[in-house]
Structures are given as structure tokens and as C-alpha cells.
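> Protein sequences appear in the order of chains L, X and W.
Going by our numbering, the first residue of the first sequence is number 621, and it counts up by one from there.
Going by our numbering, the first residue of the second sequence is number 4, and it counts up by one from there.
Going by our numbering, the first residue of the third sequence is number 75, and it counts up by one from there.
Quick caveat, the hints were computed from the structure, so don't treat them as lab data.
Every value quoted in this text rests on a predicted model; they were computed, and no experiment measured them.
Careful, some of the hints might be misleading.
Computed far set for chain X versus chain L, every beta-carbon distance over 12 Å [claimed, not checked]: (1) S100; (2) A180; (3) E261.
Heads up, simulated DSS-like pairs for lysine-lysine below, C-alpha to C-alpha not over 27 Å straight-line [as the list claims (entries may be wrong)]: (4) W:K106 to X:K26; (5) L:K799 to X:K117; (6) L:K799 to W:K325; (7) W:K94 to X:K95; (8) L:K784 to W:K92.
The C-beta atom is built at its ideal place from N, Cα and C for all residues, glycine as well.
Here is how the chains run, residue by residue.
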Amino acid sequence: MNRRISNNIATSVFILCAVVMIATLVYLLGYILTNGFAEIDWSFLSSNSSSFQEGGGIKNQLWNSFYILMMTMLFSVPLGVLGGIYLAEYSKPGKITNVIRTSVEVLSSLPSIVVGMFGLLVFVQYMGLGYSIIAGALALTVFNLPVIVRVTEDSIRSIPLKQKNASLALGITHWHTVKTVLVPAAFPGILTGVILSAGRVFGEAAALLFTAGLSTPNLNFTNWNPFESTSPLNPFRSAETLSVHIWKVNSQGIMPDVLEIANGSAAVLIIFVLIFNLSARIIGGVIFAKISGKK
Amino acid sequence: MQASDLGKEKKEANSVSPLMDIKNLSVFYGDKEAVKNVSMPIEGNKVTAFIGPSGCGKSTLLRTINRMNDQIDSAHYKGEIMYDGVNLLDKKIDVVSLRKEIGMVFQEPNPFPKPIITNLTHALKFYRTKKSEIQGIVETALKQAALWDEVKNRLNSSAQSLSGGQQQRLCIARALALKPQVLLLDEPTSALDPISSAKVEDLIIELKQHYTIAIVTHNMEQAARISDYTTFMYNGELIEYGETSQLFTNPKEQRTEEYLTGKFS
Amino acid sequence: MSNSNYSSTSSSTHRLIKNKNGSVKRNELRGKVVVYSCAVLIIIATIAITLFLTIKGLQSFIVNGVNVGEFLTGLTWSPSGEGDVAYGAFPFIFGSFSVTFLAALFAAPLGIGSAIFMTEIAKTWGQKVLQPVIEILVGIPSVVYGLIGLTVIVPLIREHSSGIGFSLLAGMIVVGVMILPTVTSISADALKSIPQDIKDASYGLGATRWQTIYKVILPAAMPSLATAVVLGMARAFGEALAVQMVIGNSKALPESITDQAATLTSIITLSMGHTTYGSLHNNLLWSLGLILLVMSYVFIIIIRFISSRRKV
Ligand SMILES: Nc1ncnc2c1ncn2[C@@H]1O[C@H](COP(=O)(O)OP(=O)(O)OP(=O)(O)O)[C@@H](O)[C@H]1O
Ligand SMILES: [Mg+2]
């Protein structure tokens with residue numbers, strides 16, 4: 621009955637693994653959320669951060685995170701979708717395709733701090749953008765591009781070939797088929813991937829330290845002229861995001877409530893990341909049901 | 004060659020050359036020769052059926068005519084398909100215009116997962132058909148495909164809510180909306196139940212008044228019922244081409260007879 | 075057959091012959107141009123990153139005459155010191171590798187074990203509930219892991235050791251926990267892709283679940299599981315902020331696992347902002363960055379090598 625015993629031992633070990641893992645992760649999430657939730661109130665969300673006094677908020681950081689996220693998506697989604705279309709539809713097996721595949725692989729495995737260093741060198745210094753929202757968004761574009769390329773390619777490849785044949789056989793060009801048949805059919809997959817990647821971009825900090833910077837000018841939320849230096853919309857000003865804020869208060873903060881601010885910010889960050897994740901799943905499912913026309 | 008002989012007879016009889024003339028066509032997938040040196044005419048306003056065992060190259064031949072085979076990287080061909088004074092296999096041929104003029108319907112119904120009406124207008128919009136004309140074209144095409152009565156009240160519901168037979172007729176209507184010269188049908192009824200099949204068959208007989216039709220089928224009775232000419236292919240080769248009545252009742256080749264009597268399949 | 079009856083249409087203007095200016099042709103061309111330019115842009119971006127970072131990373135050797143051997147093996151790091159300048163990056167290289175390997179040592183068994191639990195033991199529950207939860211955890215930002223490390227793990231180590239808590243061990247635990255969901259999720263995908271019939275064949279022969287896992291499933295999934303672990307290690311090697319927050323960032327080689335240490339990424343994070351562009355110290359940081367870049371290529375090569383042996 622050796623067999624039975626070793627089987628039982630093994631099963632218990634696997635169960636233990638799972639329990640340990642789940643317990644760890646649940647503990648972590650719970651820790652942040654319970655400690656952080658207590659700190660979140662309206663004044664925390666709506667007031668400026670302070671550099672040495674108690675009671676600073678995260679209004680600007682939150683705004684910056686969303687602004688950079690939006691701009692990153694503005695750059696990376698069109699580029700990434702077109703790159704994915706290239707790989708799924710236009711690439712022929714051969715050297716160039718291999719080079720592009722390798723490129724996507726390289727981009728996706730670059731550590732984000734390295735992406736940040738590249739951003740510092742090229743966007744901040746050579747292009748003269750300085751520590752700015754736009755430099756941060758460009759760096760995050762490098763970081764996000766391979767993700768979008770991959771989801772797009774996968775989503776397009778998963779469309780049955782008969783859909784493409786149907787359109788081509790009607791005398792419709794390849795490009796028009798891509799635009800009107802393949803991309804719409806791949807849309808749920810692409811959208812899900814884009815929202816998921818938004819969560820990743822939203823939480824990214826290392827790539828922003830040297831590109832978007834560690835500080836934010838005093839923003840004037842009544843001034844929406846993007847060319848003025850205190851305007852929240854000015855893309856050329858430096859911008860500390862929420863994730864960067866968490867890092868910064870912990871490593872450089874001298875205010876007495878560092879821990880409270882960090883916990884509160886982390887809870888807000890996690891809540892948004894969870895919202896992105898869950899909505900990606902829900903929206904993906906809903907659109908999929910709608911498009912496939914099964915009512 | 005029987006095929007060109009037959010073409011000549013035809014020409015003398017009607018003093019019209021065939022609409023399409025396939026000459027010494029060979030199609031390869033890499034090194035594999037899937038269609039071997041086939042020559043035959045396709046007569047205008049007639050139904051030409053292609054029969055033969057699975058894998059003998061029927062679909063390949065059909066897909067070569069409207070160059071859908073260009074989609075497959077390994078596919079290449081030799082020979083000519085003359086049509087309206089041009090060789091369809093020529094590099095200079097604009098395959099997009101070609102496919103508009105020579106429509107194709109596939110074995111498995113493949114409507115777009117969009118509203119019924121959009122299935123028909125998809126190509127019309129691409130070709131910038133006037134808005135005022137679209138409604139009429141859609142109605143005519145659906146009527147020709149004997150689908151109008153069944154869908155006229157739900158043009159905006161999803162094409163996937165249709166039955167398999169309705170979907171296949173929608174695919175035919177979608178091709179007809181472009182007013183093609185030729186329709187290539189690759190086993191259009193094999194995925195359908197007998198009643199839907201019968202409807203599609205009636206439709207094909209109806210359509211040959213205005214269109215030239217080439218149809219691949221595994222169903223011998225179907226070929227006999229609806230076609231004017233039949234081609235029997237075996238292992239990539241054209242074994243026999245002739246008028247359907249003659250080929251079925253009095254085949255010239257022994258292998259044709261063996262196939263028709265079910266000695267092999 | 076003669077085509078004389080078609081002679082009215084001269085073949086150069088035939089409607090089926092390609093026409094360079096046709097709207098169809100232009101539509102197709104426009105699409106191709108757009109798509110190909112994006113593809114080219116992706117290649118250019120990759121080459122630019124590699125090239126810029128390589129050139130910049132070599133500056134310290136070329137311009138400042140730093141000795142490569144000394145840089146890679148030296149033990150003292152004081153690049154902007156008043157007196158003797160020393161640029162031994164070995165402690166950081168050592169720190170990066172030890173964090174990576176220790177994290178993998180922690181995350182690989184736990185992750186693969188959990189993946190087996192999810193795919194072989196509690197199938198429905200594992201795949202309907204656990205897998206989505208774990209995929210969500212993959213997306214938790216690394217600063218959050220760093221923060222938890224700082225507030226939970228560092229004090230814990232402080233209590234139970236002679237050190238101050240900030241340590242190699244803390245870095246390893248934080249990074250290990252951070253890559254755990256990644257390793258689990260990829261491993262679970264790999265295990266799921268093993269065809270059911272080879273499992274059934276084994277059970278059919280009367281094998282127990284453990285025998286099936288050990289003799290059939292693990293060998294078949296091995297390359298994919300190895301890929302999962304290497305991907306996790308690549309992530310661990312490149313992780314910056316979470317490690318920097320807990321590892322202590324001491325410039326000397328740690329003597330024990332509860333000693334403070336530093337990694338390539340943590341030193342870059344810490345010093346990049348405080349050095350003058352073009353100075354020796356600054357150039358040396360770019361050389362550390364070059365090591366990270368080279369390592370991410372190395373990880374790609376390892377993964378390709380493993381995938382080339384994949385059977386499933
Ligand atoms: N994409 C392809 N690549 C390589 N070989 C192919 C491809 N498509 C078809 N073939 C081969 O070419 C030959 C002819 O195939 P084809 O599909 O034309 O046969 P068919 O007569 O239509 O058969 P069926 O009646 O089963 O549809 C077969 O041997 C098939 O294996
Ligand atoms: Mg076929």
C-alpha cells in the first residue's frame with residue numbers, strides 16, 4: 621500500500637502549496653485594503669500632497685496617473701493594434717517577421733527600470749522633453765506596446781478563417797477586410813487586453829521615476845489651458861503618479877504620517893487596478909455575447 | 004483531348020465559345036501536384052458539376068478560378084484560365100475585381116456575425132453603391148436566393164439566428180448582390196439537411212438563367228439533377244468531361260463508370 | 075481556342091487587369107503602408123533601445139577608462155569618492171543574482187505545486203475561482219509588494235535576527251511573493267495544455283494520481299514549466315522598486331542572508347537622480363543598466379532554448 625500512501629502525501633503537499641500561496645496573497649491584499657481603507661476619505665482624495673506636514677492628500681497624483689495612462693493608451697493602442705495586425709495578417713514567414721517577433725519579445729522582457737533609463741536618455745534629454753507627462757507616456761508606450769501587439773495578434777488569429785474568406789471572396793480588399801471584418805470580430809479580445817494592460821500601466825512606477833519625474837507643480841484645477849504651466853492638462857510639466865508617490869514617500873518622505881499616506885495610496889491604487897481587471901473580464905464577456913449575436 | 008473537342012462541337016452548334024476555358028492547368032501545394040494538367044471549358048449560363056472522390060482536387064480547381072488559392076502560401080500554378088480575353092492566372096490580374104465578378108460560396112455557411120442586412124451591404128458599401136440603389140439590390144438578391152419572404156421582417160437581426168440552410172442562401176444572396184458573372188459553389192449543400200438542400204438546388208436551377216455556375220458536389224443525384232455538364236476528377240486528373248446526361252448514362256471512361264456505380268469512392 | 079471575339083477589349087485596359095490608380099488599389103496600398111510602418115517602428119524602437127543603452131553603457135569603459143574586469147569583479151563601490159575612486163559592481167551583480175535565484179527557489183515549487191492543485195486536484199474550483207484570482211494578483215503593482223515588504227517583512231526579520239531587517243532575505247521574499255502568481259498562472263496554462271488522453275492512459279493502467287503527475291504530466295510539461303520559472307526569474311532580475319525598498323542598499327557584499335545588500339536595479343534607482351549627467355558615477359550607472367539589458371537578452375535566449383525542446 622506504498623502507492624496509496626505516497627499518493628496521499630503528494631496530494632497533501634499540493635494542497636498545502638495552494639493553501640500557503642492563497643493565504644499569502646489574500647493576506648497581502650487584505651492587509652493593504654484594511655490598513656489603507658481607514659485612510660481613504662474625501663479630503664485624502666481631494667487635497668494636495670504635503671512634503672513635510674501631516675494630512676497630505678493624493679489629488680494631483682491620482683490625476684497624473686490617469687492623465688499619463690490616457691496618453692500612453694493614445695500612443696500604444698493604435699501602434700500596438702497595427703503591429704498585431706501586421707503579425708497576424710501581413711507577415712510572411714521569413715527573416716523580417718522573425719526580426720519583428722524578436723523585437724516584440726525583447727520589448728516585453730525589458731525591465732521597466734531599463735525602459736525608464738532609455739526614456740531618460742532619449743525622451744527627456746535628447747528630445748528635450750524634460751521630466752514630463754509626455755516623456756513618461758512615451759516610456760510607458762514602449763512598456764505597453766508589446767502587450768497590445770500580442771493581444772491583437774492572438775485575437776485576430778482566433779477568428780475563424782471562413783470569416784476572412786467570406787469577405788475576400790466578395791471582392792473586398794485585404795485591408796478593408798481587416799478593417800471591417802477581422803478587427804471588429806477581434807474587438808472583444810483586444811478591448812479586454814487593452815483594459816488589462818491599463819491596470820499594469822496604472823501601477824507602473826520604475827519606468828516613470830526618470831521620465832515623468834518625482835514632483836508635480838502646484839496644479840490649478842480651474843485652468844484647463846494645456847499650454848500653461850500650472851494647468852493639469854499641460855503635457856510638458858513633471859508629474860508624480862500615484863505609484864511613484866508610494867515609493868517616494870517611503871524612501872524620501874519626512875512627514876509624520878508616511879505610513880498612513882502610503883497605505884492609503886496603495887489601497888486606492890489596488891482598487892483601481894482591481895476595477896480595471898474586473899471590468900476587462902466583464903466587458904469582454906458582455907461584448908463577446910453581443911457580437912456573436914446569441915440572445 | 005475530349006474537353007477541347009467538346010468545346011469545338013459546342014462552338015459549331017451555338018457559334019459561341021465557352022465563357023471560360025481552362026487550359027493545361029496544374030496546381031501545386033509545395034511539391035504536391037493537387038490538380039494535374041486539366042483542360043476543360045465552362046459554358047456560359049450552364050451548370051457545370053465537379054465530382055470525384057475526396058482529395059481529388061475539386062476545391063483546389065474551384066479556388067484557383069477566383070484566385071482564393073493565392074491565400075495559401077505554398078500554392079502555385081501552371082497553365083491558363085482564359086476568360087473574357089484575359090488569363091485569370093496572369094500576375095497582372097486584379098484579384099479583387101476578379102472575385103467580385105466570379106463569386107464563391109463555401110461548403111460551410113459563413114455569414115458575417117452581423118445583421119442580415121449588413122451581410123448584403125458589406126460589399127456594396129465597399130464598392131460605393133448609391134444609397135438609393137442598395138435597398139433594391141438587397142431585395143432582388145434575397146428574392147433570387149429565395150430567402151426574401153423568410154427574412155424580410157427581420158433584416159436587422161443577426162445572421163447567426165438563421166438556420167443553416169437560410170445562412171447558406173444568405174451567402175448565395177450576398178454573392179448575387181454583386182451581380183457576378185460566375186458563381187463558384189463548393190459543396191454548398193453538404194452541411195444542410197435534405198429540405199434546405201432541396202431549396203438550394205431549386206435555387207441553382209433558377210439561377211442558371213442569369214449566371215454561369217460551377218458546383219462541387221459529393222452527391223451524385225444532385226449533380227445529375229441540376230447540372231448540364233459534369234467533370235469527373237480522380238487524383239488530380241480530369242478523367243472525363245461531358246454533358247451530364249451522357250456522362251451519367253453512358254460514361255466513356257471505365258473509371259467514371261466504376262465511380263458512378265460505387266465501385267470506389 | 076481563339077479569342078478573336080473578345081478583341082474589342084484591349085488587354086491593357088481590361089477591367090480585370092490591375093490598375094495602378096484604381097480606388098481598390100489605393101485602399102489596399104494605404105493599409106499596407108500604415109501596417110508596415112508600424113511594424114518597422116517596432117523594430118526601430120527595439121534597435122534604438124539596444125543601441126542607445128549599449129553606447130551609453132560603454133561610455134565608462136571607453137571615455138573614463140574603467141577596467142571591465144575590475145568593474146565586474148571589484149568589491150568596493152565608491153565612484154564619486156574624494157580620494158580613491160573604486161567601481162567594483164560585484165556586490166550588486168551578486169545581489170541581483172541571489173535575489174533572483176532565492177526568489178525562484180521559493181516561487182517555483184510553491185507555484186508549480188499550486189498549479190498542479192488547480193489543474194489536477196481541484197479542477198473546477200481551481201480553474202473557475204483560483205486561476206482568475208491569481209491572474210488578478212499578477213497585476214498588483216510592484217510598489218505595493220515593496221510597501222508590504224517594508225511594513226510587514228522587514229520588521230519581522232528585524233525581530234528574529236540581529237540585523238536591522240532590511241536585508242537580502244527581505245528582498246528575496248518580496249520578489250518571490252511577487253513572481254509567485256506569474257509562475258503559478260503560466261504553469262497552470264502549461265499543465266492544462268497537456269492532452270487529457272495521455273493522462274487517461276496512465277490512470278487506465280491503474281496508476282495513482284501522484285504516479286500520473288510524476289511520471290506522465292510533469293515530464294510532458296517540463297519545458298513549459300521551466301519557461302514559467304525562467305519568466306519569473308527574468309521579472310525578478312529586473313524588478314527595481316520593490317527590492318530597493320526592502321533590501322537596505324548597502325554597497326558592501328552581504329555576509330549573511332539577513333545582511334543588507336543591494337542589486338543592480340536598486341543602485342540605479344537610488345543614485346540616478348543624484349549624479350551629474352556625464353560624470354563617471356553617472357556613466358557607471360548606465361553600465362549597470364547595460365548589464366540588465368544584456369541579461370534580458372540572455373533570458374530570452376534561455377527561453378528560446380527551452381521552448382525548442384518543448385514537446386507539448
Ligand atoms: N492548403 C493546402 N496545403 C497543402 N495541401 C493541400 C491544401 N489544400 C488541399 N491540399 C491537398 O490537395 C489535394 C486536393 O485537395 P482538395 O481540397 O482540392 O480536394 P477536394 O477534391 O475538394 O476534396 P473534398 O471532396 O474532400 O473536399 C488533397 O490531397 C489535399 O490534401
Ligand atoms: Mg473540397
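> Confirm or reject each hint.
Going down the list of hints, with the structure as the test:
Not every beta carbon of chain L lies more than 12 Å from that of S100 of chain X, the smallest distance being close to 6 Å; the non-interface claim is violated. A beta-carbon of chain L comes within 12 Å of the beta-carbon of A180 of chain X; the shortest separation is about 9 Å. Every Cβ of chain L is farther than 12 Å from the Cβ of E261 of chain X; the closest lies at roughly 34 Å, confirming the non-interface assignment. Only pairs whose Cα atoms come within 27 Å are accepted, and K106 of chain W paired with K26 of chain X is rejected, the gap being roughly 34 Å.
A hinted pair counts as satisfied when its Cα atoms are at most 27 Å apart, and K799 of chain L with K117 of chain X qualifies at roughly 14 Å. Pair hint K799 of chain L plus K325 of chain W does not hold up; C-alpha atoms about 55 Å apart against a cutoff of 27 Å. Distance restraint check for K94 of chain W and K95 of chain X: the Cα-Cα separation of roughly 11 Å lies within the 27 Å cut-off, and the hinted pair is therefore satisfied. Annotation: proposed proximity of K784 of chain L to K92 of chain W holds, straight-line Cα distance about 22 Å (limit 27 Å).
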